[in-house]
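Engineer: Spelled out, the chains give:
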Amino acid sequence: MSDLPSHADVIIVGAGPAGLAAAAELGSAGIGSVLVLDREYEAGGIPRQCGHSPFGMREFRRILNGRIYARRLTERAIAAGARVYTGVSVTALHPGPSLTVATPDGIKTIAARHVLLATGARESSRAARLIGGAKPGGVMNTGALQDLVTLRGLRPFHAPVVVGTELVSFSALVTCRLAGIRPVAMLEPGPRTTARFPTGLFPLLLGIPLEFNTSVVSVEGRDRVEAVVVSGPSGTRRIAADGLLLTGMFRPEATLARAGHLVVDPATGGPEIDEFGRCSDPDFFAAGNVLRAVETAGWSWAEGRAVARQIVRALSGDLPSPGGTRITLAGAGLKYALPQRIAGGPRPAFDSLQLRVDQAVDAQLATTADGQETAVRRLAALPERRIGLPLPAAAVSLAVTLTERT
Amino acid sequence: MSAPKARTFDVAVIGAGVIGCAIARRLALEGASVCVLEKADDILDGASKGNSAILHTGFDAPPGSLEASCIAEGYAEYLEIQERLGLPLIHSGALVIAWSEDQEAALPALMAQARDNGVDDVTLMTGAEARALEPNLSPEARAAFKVPREYLIDPWSAPLAYLAQAIALGAEVIRSAEVTGGQFDGNVWHLETTAGKVRAGLVINAAGLYGDILDQRLVGQSSFSIRPRKGQFVVYDKTAAALTRHILLPVPTKITKGVVICRTAYGNLLVGPTAEEQDDRARADVTTDALKALRARGEEILPALKHHEITAVYAGLRPASEHKDYQIKAHDGQNYITVGGIRSTGLSSALGTARHVFRLAVGLGADWTAPSDPPWPKQPNISEASPRDWQSPGNGGIVCHCELVTRREVEAALGGPLAARTLAGLKRRTRVTMGRCQGFYCSGALAEITEGRLVTGMAEPADE
Chain E
665 MSDLPSHADV
675 IIVGAGPAGL
685 AAAAELGSAG
695 IGSVLVLDRE
705 YEAGGIPRQC
715 GHSPFGMREF
725 RRILNGRIYA
735 RRLTERAIAA
745 GARVYTGVSV
755 TALHPGPSLT
765 VATPDGIKTI
775 AARHVLLATG
785 ARESSRAARL
795 IGGAKPGGVM
805 NTGALQDLVT
815 LRGLRPFHAP
825 VVVGTELVSF
835 SALVTCRLAG
845 IRPVAMLEPG
855 PRTTARFPTG
865 LFPLLLGIPL
875 EFNTSVVSVE
885 GRDRVEAVVV
895 SGPSGTRRIA
905 ADGLLLTGMF
915 RPEATLARAG
925 HLVVDPATGG
935 PEIDEFGRCS
945 DPDFFAAGNV
955 LRAVETAGWS
965 WAEGRAVARQ
975 IVRALSGDLP
985 SPGGTRITLA
995 GAGLKYALPQ
1005 RIAGGPRPAF
1015 DSLQLRVDQA
1025 VDAQLATTAD
1035 GQETAVRRLA
1045 ALPERRIGLP
1055 LPAAAVSLAV
1065 TLTERT
Chain L
1347 MSAPKARTFD
1357 VAVIGAGVIG
1367 CAIARRLALE
1377 GASVCVLEKA
1387 DDILDGASKG
1397 NSAILHTGFD
1407 APPGSLEASC
1417 IAEGYAEYLE
1427 IQERLGLPLI
1437 HSGALVIAWS
1447 EDQEAALPAL
1457 MAQARDNGVD
1467 DVTLMTGAEA
1477 RALEPNLSPE
1487 ARAAFKVPRE
1497 YLIDPWSAPL
1507 AYLAQAIALG
1517 AEVIRSAEVT
1527 GGQFDGNVWH
1537 LETTAGKVRA
1547 GLVINAAGLY
1557 GDILDQRLVG
1567 QSSFSIRPRK
1577 GQFVVYDKTA
1587 AALTRHILLP
1597 VPTKITKGVV
1607 ICRTAYGNLL
1617 VGPTAEEQDD
1627 RARADVTTDA
1637 LKALRARGEE
1647 ILPALKHHEI
1657 TAVYAGLRPA
1667 SEHKDYQIKA
1677 HDGQNYITVG
1687 GIRSTGLSSA
1697 LGTARHVFRL
1707 AVGLGADWTA
1717 PSDPPWPKQP
1727 NISEASPRDW
1737 QSPGNGGIVC
1747 HCELVTRREV
1757 EAALGGPLAA
1767 RTLAGLKRRT
1777 RVTMGRCQGF
1787 YCSGALAEIT
1797 EGRLVTGMAE
1807 PADE
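Which chain is which? The protein sequence lines are E and L, in order. My numbering numbers the first residue of the first sequence as 665 and each following residue consecutively. My numbering numbers the first residue of the second sequence as 1347 and each following residue consecutively.
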């Protein structure tokens, strides 16, 4: 990558929906040098390995399959004037801002006026889930399966057990179907499907038993998976299978923020931002699933575009001063609120507060500014479902509180 | 199945764990023609695949034991050769920490034992002094002593380097070669293996977890029986490595050294091991409860650990026996040496154990001429102690993003006389897929690169 420049107005880390949307937006706004860096060998992010619909309604007003959608996003960014580099890996962020970039030709440092982090999210691994048993081949996430199947025409197993019922879990079932893989069971640790109706009907249509309140205890097999031991309402049993497909439980891929100087929110696992998408070092912005896991490609795209508009403002000195107030959260079940800080000022990138719960709740949700309740509502919600609140106005103290209904 | 080896080797070393690799190197350096026989598809597949990667001074070994002397000699030789073989050495030092009154009372005796073992630079400190050295340490720590010369090393590159030097000296390594039987004709051993017949003047049993079984197979009896003791480990993300500089050791009990926290040569933080007796010699399962307990214990020692993510988990089996000490014996008149019961200190003692074995071989009449100017092939660095391949030009790009493993490194590990033959072997040579995403991003690329090159492939063409 000897043609990789040493300076740019804006560097975008990650060429998925959020990063490519931001690149197109910045290019259209006439920003001179916009670089998009991606460590994969093809731009497009996760959608490029989803060989199925529906992508693109929000962005292109039509239904596309993931591969075509990813290609269109890339073409649009390039047409707007952004330069997209693949196969280059950002290994460190520095105040300035500047980035250390690993290329096949060794290390380069690139300086910029602003950096946008759009590195997306990944599913939780078997290790992170502390699943017991042996460690044979054939245990993987949807991301790896889709890379193998969609991008390379390879098949890692024939009859896996699938864990999870998030949206991605059903995407995984479609991928299995395309590759002639026949899952032997789909397990959900909770009492209901995590994704919305009617996705739960899908396994039924494919003839895959869907078992609730059931988790994996251990994996058996030496070289390849031979069985998965599960525990459910009817006790513990052994399911013969040649793979274990662990879907969902996404985590932001926020390694760069964690290992660097940016403040990371333990609740989201992503960088902490204000309502303009600015990180704790205001030269850095973030958008898409690196902020929180997990939203759809279309949502990430919209977020990338909205934050890019703030970068345009920042380049002309039009953003309110950074800092602001950290929103505090209280009450069992409240998982996170995004953005985490309110700086105050007109035309924010985030016009609502995104909330998630980590358990099923039916409670009272209150927003408090300087001790005064500014909004109170009933909240009946399930984990991994979107919850939006009006963005609170700037205040010296801000809190979101979940309490039992009285 | 390869053809029977027509030549007669001076020595057949059975087992390519860290002990077998070190013995092969030592005897090759002394001039022996060596054949290494490994029953698994790749080397380092038994006891050596899961350990805590510490170069141990042996301060707590039983004074006067064979184990203590092998550790002392092995430790010294590692320091002498590590640079020439391209092996890392991370100067961490260790703190032995007392968490209770009883443990605090036991510290002076442990320090005296350390001095008896020649580790005379240990120093006692209060809990506050320990926390001054390690600010993340829990306030529950009552007292500690420091062992300055406990170090961290790379547990994979070291045995690979030993075997690579043996190969450079002409040694032959045959994998997927389980020794199923053999006869000593008074002059030469005729070994039957699953990869054909092998003849050798001297046989060395370094079969680790199968040492007693191999003894029975070849010499009809064994003076010990292996009682596998499982150790589970939790590996934290690299962000956690900054939480401690020293190796944090508990006060040891009779059964185990207890739960250790230390950095790794790869820049992670390790918590483990457990100590669980089991009969199975092949399975080293992780269990959710034990992993949770390790995580909880880790957070008791370093409370800040709760903000860090777990990257990997693994389990290893220690080839313990009913004896406290190593079981190393030359069998007179049979040209046979058993190297057994290397319970948990094999990585530290291997080079010393190999020297001890050479002396036993001489006692059995071995008479070889050492080459005058042996080669010193350097192992490619995969630790964070020195520059990595991704930092230099022409690396072919990064395949594994979490561990920054390059295409050039993967190709190198898949080639040469010790080419990786399993995914696990490839991981041990390169760290590929061992990082925080555990293959989420790189499994596809890796499956493509390794297609047709591993004994068990990662995937098959979808149209088959």
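Please note that a few of the clues may not be correct.
Covered by chain L, per the in silico footprint, the following chain E stretches (three or more residues, Cβ under 8 angstroms) [stated by the list, open to error]:
no.: 1; region: 953-967
no.: 2; region: 1037-1047
Here are some of the chain E residues that sit facing chain L, going by a computed Cβ distance under 7 angstroms [to be verified]:
no.: 3; residue: R703
no.: 4; residue: E706
no.: 5; residue: A766
no.: 6; residue: R786
no.: 7; residue: A791
no.: 8; residue: L794
no.: 9; residue: G796
no.: 10; residue: A808
no.: 11; residue: E890
no.: 12; residue: A891
Residues of chain L placed beyond 12 angstroms of chain E at every Cβ, according to the derived structure [to be verified]:
no.: 13; residue: A1455
no.: 14; residue: R1488
no.: 15; residue: E1524
no.: 16; residue: R1545
no.: 17; residue: D1625
no.: 18; residue: T1657
no.: 19; residue: P1726
no.: 20; residue: N1727
no.: 21; residue: S1738
no.: 22; residue: L1750
no.: 23; residue: A1791
no.: 24; residue: G1803
Keep in mind the hints are simulated off the structure, nothing from the lab. Being a predicted model, the structure only gives us computed values, none of them experimental. Note that the Cβ used here is the ideal one computed from N, Cα and C, for glycine as well.
Engineer: Decide, hint by hint, whether the structure agrees.
Structural biologist: Comparing the hints with the structure gives:
1. 953-967: This one is violated; 0 residues, fewer than the three required, reach chain L with a Cβ under 8 angstroms.
2. 1037-1047: Violated - the region 1037-1047 of chain E has 0 residues with a Cβ nearer than 8 angstroms to chain L, which falls short of three.
3. R703: 5 angstroms, holds
4. E706: 11 angstroms, violated
5. A766: Holds, because the Cβ-Cβ distance from E/A766 to chain L comes to roughly 5 angstroms (cut-off 7 angstroms).
6. R786: 5 angstroms, holds
7. A791: 5 angstroms, holds
8. L794: Given a least distance of 5 angstroms, the restraint on E/L794 holds.
9. G796: 4 angstroms, holds
10. A808: 4 angstroms, holds
11. E890: Given a least distance of 12 angstroms, the restraint on E/E890 is violated.
12. A891: 13 angstroms, violated
13. A1455: 37 angstroms, holds
14. R1488: Consistent with the label, L/R1488 stays out of reach of chain E, its closest Cβ about 30 angstroms off (over 12 angstroms).
15. E1524: 15 angstroms, holds
16. R1545: Given that every Cβ of chain E is farther than 12 angstroms from that of L/R1545, nearest at about 31 angstroms, it holds.
17. D1625: Fine: 16 angstroms to the nearest Cβ keeps L/D1625 off the interface.
18. T1657: The claim is violated: L/T1657 sits with its nearest Cβ about 6 angstroms from chain E, within 12 angstroms.
19. P1726: At roughly 16 angstroms from the nearest Cβ of chain E, L/P1726 sits farther out than 12 angstroms, so the non-interface label holds.
20. N1727: At about 16 angstroms from chain E, L/N1727 clears the 12 angstroms cut-off, so the statement holds.
21. S1738: 6 angstroms, violated
22. L1750: 7 angstroms, violated
23. A1791: 8 angstroms, violated
24. G1803: Per Cβ check, L/G1803 is inside 12 angstroms of chain E; nearest 9 angstroms; violated.
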